[in-house]
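*Asks:* My request is simple: use the sequences and hints to build the entire structure.
These protein sequences, in sequence, are chains Z and L. Numbering follows this note's numbering, with no gaps: position 78 of the first sequence is 78. Numbers in this note's numbering are just positions in the second sequence, counted from 1, shifted up by 254.
No lab work stands behind these hints: they were computed from the structure. Check the hints yourself; a few may be wrong.
[To be verified] Over the 10 Å line for every Cβ pair with chain Z, so calculated as not near, a few chain L residues:
id : residue
1  : SER265
2  : GLU272
3  : LEU335
4  : THR417
5  : GLN439
6  : GLN440
7  : PRO446
[To be verified] Among chain Z residues calculated to face chain L with C-beta under 7 Å, some are:
id : residue
8  : VAL9
9  : THR14
10 : GLN22
11 : SER30
12 : GLU31
13 : LEU70
14 : TRP71
15 : ALA77
16 : SER78
17 : GLY122
18 : ALA123
19 : ASN126
20 : TYR127
21 : ALA131
22 : PRO135
[What the hints assert, rightly or not] Chain Z stretches covered by chain L per the calculated footprint, using a threshold of three residues with CB under 8 Å from any CB of chain L:
id : stretch
23 : 106-113
24 : 221-232
Here a beta-carbon is modelled for each residue, glycine too, at the ideal position from N, C-alpha and C.
Number of protein chains: 2
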Amino acid sequence: MKQPHGESVLSRATRILEAFTQDAPALAVSEIARRTGLHVATASRLVTELVAHGFLSRDDDRKVRIGVRLWELATRASPALSLRDAAMPFMEGVHDVVGHHVQLGVLDGDDVLFLERLSAPGAVVNYTRIAGRLPLHASSSGLVFLAHGSAELRERILVGPCTAYTSRTPVSPSRLRALLAEIRQQGYAYCPGYVHEDALGIAAPVRGDDGSVAAALAVIVPNDEHAHVVVPVVRTAALGISRALAVRGSTGHV
Amino acid sequence: MKQPHGESVLSRATRILEAFTQDAPALAVSEIARRTGLHVATASRLVTELVAHGFLSRDDDRKVRIGVRLWELATRASPALSLRDAAMPFMEGVHDVVGHHVQLGVLDGDDVLFLERLSAPGAVVNYTRIAGRLPLHASSSGLVFLAHGSAELRERILVGPCTAYTSRTPVSPSRLRALLAEIRQQGYAYCPGYVHEDALGIAAPVRGDDGSVAAALAVIVPNDEHAHVVVPVVRTAALGISRALAVRGSTGHV
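*Replies:* This is the structure we're talking about:
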């Protein structure tokens, strides 16, 4: 599997796929080489092979993008899709009633990875993106995972450094410990202005059939006195998704 | 890039990813070897490397699944996501009003590939799946692409063979030609019982800012006399998505 230069083809191919982001969805081969640190010739050869397999596609202007075939292979059998499928009817209901943003996240490493987001036109500011990530200490979804996660995860995150996005972001271990205890006790995370001053996140745990927290359901609404009424909506929907997962017998091993 | 046995690592890795389907999302390594025709030792080595890169993940029971990291890489910069994002508010509106199924498909090779599907509990039967495919001649979305696609695509599909899913499925070149002319003339495809006797598909073209058909928006409803009222809803939403794409300046090069 190893190449003469010591790095496997798959490892290089992964670096190439990682070069594409939501802000940079189309790249010239020279830009791919720059971002990955690969020689242009090597990048060019690998891009050609990735295009042949449909992992990448080439535009009319020779720019390269993620291929729809890669999306198809990654999605059709993904545990993320089955979890999202179970959650979607509940998310649509919440979105009809609350508006703004409704989102579903899973724990991946030390981040929340967002599987789905429903947004209304004119909704409050929200940094969440589908297939995007947020850190655990600052996002309502992340705090749900921290509150219910392993002691090892909690200690790793709490030692920091934890980025302060606003003056409200909890960053000190003592404040985070108190917050996590509160989230465990009350059953949801309530986060006014933690990621952006104008936005407020409310998240509740979605449990798999083994009782573990499989996902977090969250709404992002304006940071004002009306947000409190959303809490029971989010909690009810998260419990509904948990029951739907139990019926399917799939906890979504994401 | 070539291995001693003549097939590249990426080609073998692709075969492994292709072994996973919605019906078989979790596979033992021996099953992967069987499905791909790779030696068990080769499959095992490649699976280990794919797991290390997050393309695959291993369950507690040693079964292998598509990894959430692969989904993330394939999704976050995918043109499929930006097209889906533009369409989603319109699709939610249609789904609120019509119920059943609302879906968004793109042309990929000689199939429709479905990027998104919203479904209501108790909706009519529908073979569409997210990241699933349907043939062009039988599905309302596919017929929209055939009607507006290249002459080369049309001739390739019309020579057949075209599978008859029901007695209503159009399969003869003469019937298909008449149907495609009608779709071009009236601006939508109306397909009672083509894929399943009980279901009726209605699809309209979503155009990119260069005027080409970038996607097809479709609803699947019960095959009865009430379906006609849905036509203007689908057409209006498809035009709305086309305008939203023009504003974004992204035709979704999918």
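*Asks:* Each hint: holds or not?
*Replies:* Do the hints match the structure? See the list:
At roughly 7 Å from the closest C-beta of chain Z, the C-beta of SER265 (chain L) falls inside 10 Å, breaking its exclusion from the interface. Listed as outside the interface, GLU272 (chain L) is inconsistent with that label: its C-beta sits roughly 6 Å from the nearest C-beta of chain Z, within the 10 Å cut-off. The beta carbon of LEU335 (chain L) is not kept farther than 10 Å from every beta carbon of chain Z, the shortest such distance being approximately 6 Å. In this structure THR417 (chain L) is separated from chain Z by more than 10 Å, as the shortest Cβ-Cβ distance comes to about 20 Å.
A cut-off of 10 Å between C-beta atoms confirms that GLN439 (chain L) is not in contact with chain Z; the least separation is 30 Å. Non-interface call for GLN440 (chain L) relative to chain Z: holds, since the shortest CB-CB distance, roughly 29 Å, exceeds 10 Å. Chain Z leaves PRO446 (chain L) outside its interface by the beta-carbon criterion, the shortest separation being 27 Å against a cut-off of 10 Å. Hint on VAL9 (chain Z) holds. Least Cβ distance to chain L is approximately 4 Å, under the 7 Å limit.
Taking 7 Å as the C-beta contact cut-off toward chain L, the hint placing THR14 (chain Z) at the interface holds, the least distance being around 5 Å. At its closest, the beta carbon of GLN22 (chain Z) sits 5 Å from a beta carbon of chain L; the interface hint therefore holds under the 7 Å criterion. Taking 7 Å as the C-beta cut-off, the interface hint given for SER30 (chain Z) is violated, the closest approach to chain L being about 18 Å. Checking GLU31 (chain Z) against chain L by beta carbon gives a least distance of about 13 Å; that is not within 7 Å, so the hint is violated.
The criterion of a C-beta within 7 Å of any C-beta in chain L is met by LEU70 (chain Z), whose closest approach is roughly 5 Å, and the hint holds. For TRP71 (chain Z), the interface hint holds, since its Cβ comes within 7 Å of a Cβ in chain L; the closest pair sits about 5 Å apart. With 7 Å as the threshold, the beta carbon of ALA77 (chain Z) comes within range of chain L, its nearest partner Cβ sitting at about 4 Å, so the hint holds. The restraint placing SER78 (chain Z) at the interface with chain L holds, with a minimum CB-CB distance near 5 Å, inside the 7 Å limit.
Using the Cβ-Cβ criterion of 7 Å, the hint placing GLY122 (chain Z) at the interface with chain L is not satisfied: the shortest such distance is roughly 11 Å. Restraint check, ALA123 (chain Z) versus chain L: the minimum CB separation of about 10 Å is more than 7 Å; hint violated. Annotation: interface hint on ASN126 (chain Z) violated; nearest CB of chain L at approximately 13 Å, more than 7 Å. Contact between TYR127 (chain Z) and chain L, as hinted, is not supported at the beta carbon level, the nearest pair being about 14 Å apart and thus beyond 7 Å.
A least Cβ separation of about 4 Å between ALA131 (chain Z) and chain L falls short of the 7 Å threshold, and the interface hint therefore holds. A least Cβ separation of about 16 Å between PRO135 (chain Z) and chain L goes past the 7 Å threshold, and the interface hint is therefore violated. Counting residues of the stretch 106-113 of chain Z whose CB lies closer than 8 Å to any CB of chain L gives 3, so the stated coverage by that chain holds, three being the minimum. With a threshold of 8 Å between beta carbons, the proposed coverage of the stretch 221-232 of chain Z by chain L is violated, since 0 of its residues qualify and at least three are required.
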